[in-house]
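Number of protein chains: 2
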Amino acid sequence: MIFAAVVAGGVGSRMNLFGMPKQFLPLGKSEKPIIIHTLEKFVFCKNFHYIYVGVHKEWIDYTEELLKKHSLTDKRIILVEGGKDRNLTILNIINAIESNHGKSEEHIIVTHDAVRPFVTLRMIEENISALDYCSACDTVIPAVDTIIESKEGNIITSVPKRSSMYLGQTPQSFKISQFKELFSQLSDDEKSMLTDACGVFTCKGKEVRLVRGDVFNMKITTMSDYKIAGALLGGDMSD
Amino acid sequence: MIFAAVVAGGVGSRMNLFGMPKQFLPLGKSEKPIIIHTLEKFVFCKNFHYIYVGVHKEWIDYTEELLKKHSLTDKRIILVEGGKDRNLTILNIINAIESNHGKSEEHIIVTHDAVRPFVTLRMIEENISALDYCSACDTVIPAVDTIIESKEGNIITSVPKRSSMYLGQTPQSFKISQFKELFSQLSDDEKSMLTDACGVFTCKGKEVRLVRGDVFNMKITTMSDYKIAGALLGGDMSD
Numbered sequence: 008m009i010f011a012a013v014v015a016g017g018v019g020s021r022m023n024l025f026g027m028p029k030q031f032l033p034l035g036k037s038e039k040p041i042i043i044h045t046l047e048k049f050v051f052c053k054n055f056h057y058i059y060v061g062v063h064k065e066w067i068d069y070t071e072e073l074l075k076k077h078s079l080t081d082k083r084i085i086l087v088e089g090g091k092d093r094n095l096t097i098l099n100i101i102n103a104i105e106s107n108h109g110k111s112e113e114h115i116i117v118t119h120d121a122v123r124p125f126v127t128l129r130m131i132e133e134n135i136s137a138l139d140y141c142s143a144c145d146t147v148i149p150a151v152d153t154i155i156e157s158k159e160g161n162i163i164t165s166v167p168k169r170s171s172m173y174l175g176q177t178p179q180s181f182k183i184s185q186f187k188e189l190f191s192q193l194s195d196d197e198k199s200m201l202t203d204a205c206g207v208f209t210c211k212g213k214e215v216r217l218v219r220g221d222v223f224n225m226k227i228t229t230m231s232d233y234k235i236a237g238a239l240l241g242g243d244m245s246d
Numbered sequence: 008m009i010f011a012a013v014v015a016g017g018v019g020s021r022m023n024l025f026g027m028p029k030q031f032l033p034l035g036k037s038e039k040p041i042i043i044h045t046l047e048k049f050v051f052c053k054n055f056h057y058i059y060v061g062v063h064k065e066w067i068d069y070t071e072e073l074l075k076k077h078s079l080t081d082k083r084i085i086l087v088e089g090g091k092d093r094n095l096t097i098l099n100i101i102n103a104i105e106s107n108h109g110k111s112e113e114h115i116i117v118t119h120d121a122v123r124p125f126v127t128l129r130m131i132e133e134n135i136s137a138l139d140y141c142s143a144c145d146t147v148i149p150a151v152d153t154i155i156e157s158k159e160g161n162i163i164t165s166v167p168k169r170s171s172m173y174l175g176q177t178p179q180s181f182k183i184s185q186f187k188e189l190f191s192q193l194s195d196d197e198k199s200m201l202t203d204a205c206g207v208f209t210c211k212g213k214e215v216r217l218v219r220g221d222v223f224n225m226k227i228t229t230m231s232d233y234k235i236a237g238a239l240l241g242g243d244m245s246d
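Sequences listed follow chains B and W, in order.
Mind the numbering: the first sequence is residues 8 to 246 in our numbering, read in order.
Mind the numbering: the second sequence is residues 8 to 246 in our numbering, read in order.
These are computed hints drawn from the structure, not numbers from a lab.
There's no promise every hint is true.
Pairs involving identical chains hold if they fit within one copy or between any two copies, as the list cannot separate such chains.
[To be verified] BS3-like cross-link-like pairs, simulated, lysine-lysine; straight-line CA separation at most 27 Å:
| # | residue 1 | residue 2 |
| --- | --- | --- |
| 1 | K168 | K211 |
| 2 | K168 | K187 |
| 3 | K110 | K82 |
| 4 | K168 | K91 |
| 5 | K110 | K39 |
| 6 | K53 | K110 |
| 7 | K39 | K213 |
| 8 | K158 | K110 |
| 9 | K182 | K198 |
Please construct the entire structure, taking both the sequences and the accompanying hints into account.
Below, the structure written as structure tokens:
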């Protein structure tokens with residue numbers, strides 16, 4: 008079966024605005040919350056059997072209300088409680104999937120940040136089809152800016168060759184059984200370091216294929232990002 | 008003396024629109040060309056003795072007309088012919104500086120991409136003051152997206168630790184005499200690899216300090232970037 012896992016577990020420590028996590032902020036002239044923009048893209052993809060959404064437990068009721076308010080009544084959407092970080096939220100979703108639909112080597116999952124509302128159907132579908140040939144894939148764009156490494160944060164340590172460098176976005180997709188097996192082999196230190204699933208596969212020597220993202224598929228993390236995203240949807244940038 | 012070097016030598020092979028290089032495209036409701044937005048920021052900084060602009064020879068007359076049309080009549084602005092790539096354009100500007108104002112170990116230069124119109128006075132001034140303590144500095148922002156290395160372009164090679172990774176922007180600033188000395192030591196292969204001045208300093212083991220950039224200080228390279236930049240200025244995003 009094919010599952011989506013939209014990760015919205017955060018409580019918004021980096022951008023506290025209107026007293027709510029950033030995935031719930033209104034975006035564009037329609038004032039539709041970011042997470043609703045994102046979920047609409049997933050609902051549009053008919054390949055998914057179920058679309059799981061990991062939300063902090065204090066925001067589950069609120070999210071349910073939002074879905075109703077914005078007529079997102081697709082029966083495939085299932086809310087589950089998020090974990091302390093991205094990977095733990097994904098593991099909670101995996102546990103819910105296996106509990107609801109059983110274990111299978113054929114289960115694949117397309118994970119996505121709720122705060123990337125400009126994901127496209129093309130990216131989602133290419134993630135799904137990439138898994139015909141490998142265990143994991145990652146959506147990326149080539150680096151346009153030079154990438155700089157600075158270990159201490161004040162002086163350049165190295166300037167890696169730009170043509171080999173990419174920016175990782177999401178979706179990140181993989182076979183559920185493989186991820187569980189690899190994650191269980193990680194030490195606690197590795198778990199805290201490897202904040203995304205593709206990092207887990209790469210660290211354990213598994214092949215992760217690249218899927219082409221888009222510069223528009225931005226992650227809304229800061230106030231600047233939020234303004235850019237609003238502008239992309241034709242919102243007012245004057246304040 | 009303190010010089011600016013605004014690099015606008017390109018002829019726009021990556022984004023050919025309206026038959027002109029991208030630095031000349033109109034931006035925002037005012038329809039002011041990108042390069043004019045950029046130059047206005049530099050003119051605003053009173054520290055500069057001269058503001059050199061490197062432009063492809065076929066576009067020098069056009070640029071002169073633009074400056075007049077947009078009342079950029081500041082006597083500090085000097086147009087010079089660009090070179091085949093970024094570093095060669097900077098070298099052309101350095102040659103013009105030394106020919107016009109003589110050689111000096113005290114000459115510093117703040118280089119900037121013409122297609123980054125959202126540079127701020129704060130960034131420019133921090134570049135200048137960083138050179139009180141070192142030979143070169145680079146304007147960067149912390150990586151928000153995971154950085155991915157892929158040597159072949161289809162499979163992840165490595166996922167470097169994100170907290171050590173930054174995206175390089177411009178301004179990049181340095182002492183002119185040091186850059187000339189280091190650049191003259193490069194092999195032809197190194198010259199073609201090191202497409203930015205800070206890479207030259209790092210490659211030769213010199214300390215390059217980081218200056219804080221901003222996500223807004225984007226480089227307009229593709230049509231998507233151009234749309235985002237227009238939106239940031241309140242232009243029409245509907246097409």
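A quick look at each hint next to the structure:
no., hint, verdict
1, K168 <-> K211, "both (24 Å within a copy, 15 Å between copies)"
2, K168 <-> K187, "between (33 Å within a copy, 22 Å between copies)"
3, K110 <-> K82, "within (21 Å within a copy, 73 Å between copies)"
4, K168 <-> K91, "between (35 Å within a copy, 20 Å between copies)"
5, K110 <-> K39, "neither (36 Å within a copy, 59 Å between copies)"
6, K53 <-> K110, "within (22 Å within a copy, 67 Å between copies)"
7, K39 <-> K213, "neither (39 Å within a copy, 50 Å between copies)"
8, K158 <-> K110, "neither (42 Å within a copy, 35 Å between copies)"
9, K182 <-> K198, "within (19 Å within a copy, 44 Å between copies)"
Violated hints, listed in ascending order, are 5, 7, 8; each of the other numbered hints is respected by the structure.
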